[in-house]
Amino acid sequence: MAKGKYDLRVYPGFRAITLLCLVILYSPLIVVMVYSFNASPSITNWEGLSLRWYADVFTGPESAKFKSAARNSFVIALIAATVATTIATLSATAILRGGKFRLRTLSFGLISLPLMVPEIVTAVATLIFFNAIGFDRGLLTILLAHIAFCIPFAYLPISARMQGIEATYEQAAMDLYATRRQAFTRVLLPLMAPGIVSGFILAFIVSLDDFIITNFVKGAGVETLPTAIFGAVKQGIKPNIMAISTMLLGVSVVMVTLSWLISRKDRKT
Amino acid sequence: MAGGAATGGSSTSDTYAEARTWLLLPAWVTLGILVLAPVAIMLVYSFLTKEFRGGVIWEFSLGAYDQFFCNRGLFGDEPCSIEWTYIQIFWRSIWQAGAATLLSLAIGFPTAYFIATRPPRQRTLWVFLVTIPYWVNLLIRTVSMKFLLRDEGPLNDFLTGTGLLSEPLAIVNTNFAVQLGLFYSYLPFMVLPIYAAVERYNFALSEAASDLYAPRWTVLRRILLPSVKPGIVAGCILVFVPSLGSFLAPDLLGGARNFMIGSLIEEQFKGNAGNWPFGAAASMILLTMVLIILLIFARQQAKAEG
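Top to bottom, those sequences are chains A and B.
In terms of this note's numbering, the first sequence has 522 at position 28, counting the first letter as 1, and numbering is strictly consecutive.
In terms of this note's numbering, the second sequence has 37 at position 42, counting the first letter as 1, and numbering is strictly consecutive.
One thing to keep in mind: the hints can contain errors.
Unchecked claim - Simulated coverage check for chain A against chain B, where a stretch passes if three residues somewhere in it have a Cβ under 8 Å from a Cβ of chain B:
| no. | segment |
| --- | --- |
| 1 | 505 to 519 |
| 2 | 550 to 563 |
| 3 | 640 to 651 |
| 4 | 733 to 743 |
For the record, the hints were derived by calculation from the structure and aren't laboratory data.
Fair warning: this is a prediction, and the values are worked out from it, not measured in the lab.
Ideal Cβ positions, reconstructed from N, Cα and C, are used throughout, including at glycine.
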């Protein structure tokens, strides 16, 4: 292929727009990260580097609130991601390894439903549902709602991975007298591991990040990190909020990077 | 995550056909109870009578839809004439989501194209760079955007400090701020499908057109764009649909004058003066709009694939 000016693939300006795109995507996050290390209590003036707002998050007057919110967030994300990943793995096995059957397309549609229904509608519907059956709002209602919308996020990487594994492996195992259950647990599941880990990580992040649905189904006084941050931001953006945001941002970026590295390593083998 | 296609061969089988009912049962039970049943009950609630401090009275009523579409005057006893308040909020939401989609397309298409024409080894890294911010908490991203754009914020400091502008730009609390927030929320949804489409595109077609003396931009318009159109349409839908019902971007960046559907619905449930049937009705109308859009899209995809 010809290079430079005569390369038909190159359109002038596209590289610049891509760079602009990255600047728009990253500059707000970087600015907040930088300002979280600002010594000044004002969010406008810069007074030098300091970790005081991080200390404030852990020991300051609001630290108890943030700690309980963080605990809620992580416990819910852990349980919701585990349950959603299990359900997604079983469903993917049925949909991709269960032959052709009438409910196949419909099942896939049901699993992707939480991605298609607008989040605010899911939030309203779930709130009304818990109200109608007389279920008190609290941590459990948040957990149940999170399990539901985490399923499609766990399903996507898992089914992508399973599509890449040929059925002959399990068939070979079964020819050698493995039971169906053994073929599943000893052959398919180990091969699926990278997809399952990616799915779990994505579900975990999605649960950790959710604000809208949580805000509707949480009980009074129960907070997760996003709802606590939202409540605080309504009073104005404070430096300690920027410190929390930076930490939460760090957790998400590390986990996504892990998920990406796992799937990339997996592709090379 | 991806990488299935490379191994080829049949990836589906009937190894676990006997167990499929049991394997699917957890998903059906969970999603049936936590998604399908709630939507059904929401439909029922939209036809009930409102209770004044939130909640409903179990009595059939068309009040919610009547309030949405009908203006019955100050005392509520006049015949129905069209009520524009809520239709206007929906219209503004459609307009904002549309503008955000165009903005995402204008920046997302060149980005996706640029990434898809990198050497194959670099592409995943570029895709990764574009998607990372998506996985950062939406609330944090929106707050960060507000922090950056606000009148005394770093962007305005920079613009006035360097003398580029004498007055700070008032961006926050404008329509544009909301569009920028929505763009920031959903950009990867635009980039990824277009990227996938351009990656599959056969550049021999461009060369053929060029050999027949088509200028570069004509090749783009007449050959490339029609070929990758399914990716563009998918990207537009994936940005438009979540933008339509978004809550955080209009709430934090838009202020009171730029009220969208999401805030209208939220107000019915989170405030004290909530009107649950009305909120349920507004949610049903939004859901119906979204499902119609998705249905038309699915029809066209099916037609395109033949």
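Q) What are the numbers of the hints that this structure violates, sorted from low to high? A) 2
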